[in-house]
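Student: Sequences listed follow chains A and B, in order. Heads up: the first sequence runs through residues -19 to 92, numbered per the numbering used here. Heads up: the second sequence runs through residues 21 to 131, numbered per the numbering used here.
It is worth saying that the hints were derived from the structure and are not from the lab. Some hints here could point you the wrong way.
Keeping only pairs whose Cα atoms sit at most 25 angstroms apart, straight-line, the calculated BS3-like set for lysine-lysine is [stated by the list, open to error]:
1. -11/A to 22/B
2. 87/B to 76/B
3. 87/B to 22/B
4. 37/A to -11/A
5. 118/B to 22/B
6. 118/B to 51/A
7. 87/B to 37/A
8. 22/B to 90/B
9. 90/B to 76/B
10. 118/B to 76/B
11. 22/B to 37/A
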Amino acid sequence: NAGVTQTPKFQVLKTGQSMTLQCAQDMNHNSMYWYRQDPGMGLRLIYYSASEGTTDKGEVPNGYNVSRLNKREFSLRLESAAPSQTSVYFCASSGTGTDTQYFGPGTRLTVL
Amino acid sequence: QKEVEQDPGPLSVPEGAIVSLNCTYSNSAFQYFMWYRQYSRKGPELLMYTYSSGNKEDGRFTAQVDKSSKYISLFIRDSQPSDSATYLCAMSAFYDYKLSFGAGTTVTVRA
């Protein structure tokens, strides 16, 4: 039982490049989330998926897209990376909206 | 003004001391209150979960919620070096999937 897994762990991009962050959970959870964490800002929600087939914007969605591929997987895509997207990205999942959210280990992204 | 305010610290205490952490919030609809612990270069993990007002105790950890003052606290008794981490408060309304997080307080417990 791995919980929430994320790939890659680290990534360096040049401005304008694109990439997809992958997230998978094996807890049969309905809801999945993408956050970014920046110093002094706490965790900010980028996008979430309340259930398979649905996605909604969070607090900071600009510059990102998401896909809920199936119940287990939720990916985050940066189409044209900018230095302002340098951050640590966390994926999380929960059984329902008000249940405990379980977090993955994070992806550390640097955009040069 | 942020929806959830948390003093980032850092906080440094000797082993065995009581650690006191707190958050204030502005949204009166918040009913679910959580404390997450995050070790360096790791993902946050849930430490305490409380619903509405009151106290909850789990071992050396006590969470308090005062909805009338819009104030929540976490106390760590007999602190250990292994408690050195960043502690994040989080909260949500009953109708909402979204968690609002504080900025996190970094705690160091000195042996």
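Student: Now tell me, hint by hint, if it's right for this structure.
Tutor: Tested hints:
no.: 1; hint: -11/A to 22/B; verdict: violated (30 angstroms)
no.: 2; hint: 87/B to 76/B; verdict: holds (14 angstroms)
no.: 3; hint: 87/B to 22/B; verdict: holds (17 angstroms)
no.: 4; hint: 37/A to -11/A; verdict: holds (24 angstroms)
no.: 5; hint: 118/B to 22/B; verdict: holds (15 angstroms)
no.: 6; hint: 118/B to 51/A; verdict: holds (19 angstroms)
no.: 7; hint: 87/B to 37/A; verdict: violated (28 angstroms)
no.: 8; hint: 22/B to 90/B; verdict: holds (13 angstroms)
no.: 9; hint: 90/B to 76/B; verdict: holds (17 angstroms)
no.: 10; hint: 118/B to 76/B; verdict: holds (23 angstroms)
no.: 11; hint: 22/B to 37/A; verdict: holds (19 angstroms)
When held up to the earlier numbered hints, the structure conflicts with 1 and 7 and fits the remainder.
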